[in-house]
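Taking the hints as your guide, dock the two standalone chains into a single complex.
If you're matching them up, the sequences are chains X and V in order.
Every number in my numbering is 72 more than the matching position in the first sequence, counting from 1.
Every number in my numbering is 15 more than the matching position in the second sequence, counting from 1.
Derived from the structure by calculation, the hints contain no laboratory data.
Heads up, the beta-carbon is just placed ideally off N, CA and C, and yes, glycines get one too.
Be a bit skeptical, because a hint or two may be false.
[Claimed, not checked] Here are the simulated distance ranges between beta carbons:
hint: 1; chain 1: X; residue 1: Pro231; chain 2: V; residue 2: Gly141; range: 40 to 50 Å
hint: 2; chain 1: X; residue 1: Asn199; chain 2: V; residue 2: Arg119; range: 35 to 45 Å
hint: 3; chain 1: X; residue 1: Val208; chain 2: V; residue 2: Arg119; range: 21 to 31 Å
hint: 4; chain 1: X; residue 1: Ser257; chain 2: V; residue 2: Glu148; range: 45 to 55 Å
hint: 5; chain 1: V; residue 1: Glu148; chain 2: X; residue 2: Pro201; range: 27 to 37 Å
Residues per chain are reported as follows:
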Amino acid sequence: MEQNAPRKVALIANCLLNQNAKVCQGANYRGVVSPVVEALRRRGYLLQQLPCPELAFAGVRRWWAVYEQYDTPAYREHCRRLAQAIAPQIEQYLRRGDEVILIGLDGSPSTGVRFTSSNPDWGGRPNRPEDDWEIVPRRGIWIEELEAELVRRGLPQLPATGWALDMGRFDEAGARRDLEEFLDSRERAAGSQGKDPGAP
Amino acid sequence: MSEDARGWRIALVPDPLINVGASPSAALPDVLGALEANGYGLLQLPPSGEHRLLLAVIADQVAEYAHHGYAVVAIGVREVGGDGLHWRRLAPLLRHRGVALPPRHILRPDRDAAVERQRLTAFLTGYDLPAAEQRRWRL
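This is chain V alone, in the form it adopts within the complex (with noise of 0.2 Å):
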């Protein structure tokens, strides 16, 4: 088994952002790409659509990292259903599990594709927990 390679840092990512094919707009960036560069796991968001119990065990996930030193965002997109990120129900149960709301950043299709990539890329990069709460979780 080699030394642990893991970036605690991990993405809530809504499906078709994963699956290109159908998202709204060719215009997007290579989200999984710009995760990959940066050092992130993701978490699948289902698509639109009744999914309480899958929800559930997402919170239920994103409540372990985050009680343990991994720093969790959201990345939705504009132009599906609650930006693709079930907020109004994935947000109560975050909040029933004691989990500040992952800050968000949500792609616009109808920019330009090339901003929308620096955008997103400076958002990767400039997330983090506190040095103080890594020092704390990460050996």
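Looking at chain X on its own, in the form it has when it is part of the complex (with noise of 0.2 Å):
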């Protein structure tokens, strides 16, 4: 590949590369979510893991939380400042001509993209029953503040969609195929403008 050539980038959740970010019990896999690794790998993306709010602000051993908890102005700054962080570097890809995307993780209230998790009545004491909080069609917090930054920087919104993992039932195949539609939607579109994908 020439130096200067357009790339292919991908902006993936922390725990995409590293479960052990995961709040317990989250975790499906002992490190990298290969599936998601090897899918973007074969089409030729390079890596670029973002940062994990949830851990560096509750840290490892957080409870479990939905949307609504985390929505609060402390942890929107925190948000703010770790996009701060990454926001160069994904400036710098654009601005360059990479083709840049974004897969989060589905059904986190931070990473969610196409879904998080919702039960405003969730609080207090930690004793809520299995399985009943709401999946909703929304971003989670984080990405809600890295679409933000991006925006105040003047960038345009990145397509991205997100890894099931966190939807309460995690069903690999599922997440593969969609992903995968993801990716192909991405080559095609592409395709049909007659340009390589990772031409601006």
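Have a look at this one:
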């Protein structure tokens, strides 16, 4: 590849390369989520790991939480700080004409892209019955703040999807199908415009 | 939700070892594959350049892991400035957070790739926290 040729870059949720970042009982893999990495590398994407906002804010032994619990000024400020830390790299990719996509974690209160978890009643002593949260079509807090930071920098909205790990019942085959459809649709869109998918 | 599968081991890895096209030599072993095979997660370090804020964010995460029973290592690559690990900046950030510096393994692109792969595997397989620390944290 020519040194200045546009590249394909995937911004990926921290825990897709490091399942140790997951909340307790939330890790489905030992470390790397290999189906995601394989799908992206097979299509020539460079990987750019995003920071994990929950780990740095509430710690590795944090309780499970839903969108409403993280929707606080302090957490949003924390997410903005992380966004400011990673945004210069994203801006660099976009300014040099790379194709940049975002792969989040659907169902996550922070990193959800298509879906997040919701229950306005959660709070207090953590003794909720299993599965009493809802999955709603909405970004997580971290993705909202990251996208807002990119807008502040005058950058375009990124094509995005989520690996459906936090949807209650994890279906790896379904998640893989979803991701591959998203990636293939990017290839087709680029092909129908008669250009390399990495071209600006 | 399933039983938790986390591996409790994490590697700091420079960008050129993750995005192989940008690496200085094709002779490097597949680091992502080796990490996956050995049950490690990874924290990606940025390419060379000024990344003050991002390195501070990474140091915060390493501190959180190191203080709660996770084994953290660093894998560098010779021929990249500072072995790709930003050690001059990262080491003081870690010390400031009360974290012992992670053991480092430096890959040598000028050596035989098969030998480097074996060295890397031996390093990854052989490292973990002492058993007492593991028992304390890993239920």
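Regarding X/Val208 and V/Arg119, is the given constraint of 21 to 31 Å on their beta-carbon distance met?
violated, 44 Å
Satisfaction of the hinted span 35 to 45 Å by the C-beta atoms belonging to X/Asn199 and V/Arg119
For V/Arg119 against X/Asn199, whose Cβ atoms are near 44 Å apart, the range 35 to 45 Å holds.
Using the beta carbons of X/Pro231 and V/Gly141, state whether their distance is inside 40 to 50 Å or not.
Once the Cβ atoms are compared, 42 Å apart, the range 40 to 50 Å for V/Gly141 and X/Pro231 holds.
For the hint 27 to 37 Å, verify it against the beta carbon of V/Glu148 and that of X/Pro201.
holds, 34 Å
Kindly confirm whether 45 to 55 Å is satisfied by the beta carbon distance between X/Ser257 and V/Glu148.
holds, 47 Å
Consistency note: the structure conflicts with earlier hint 3 alone.
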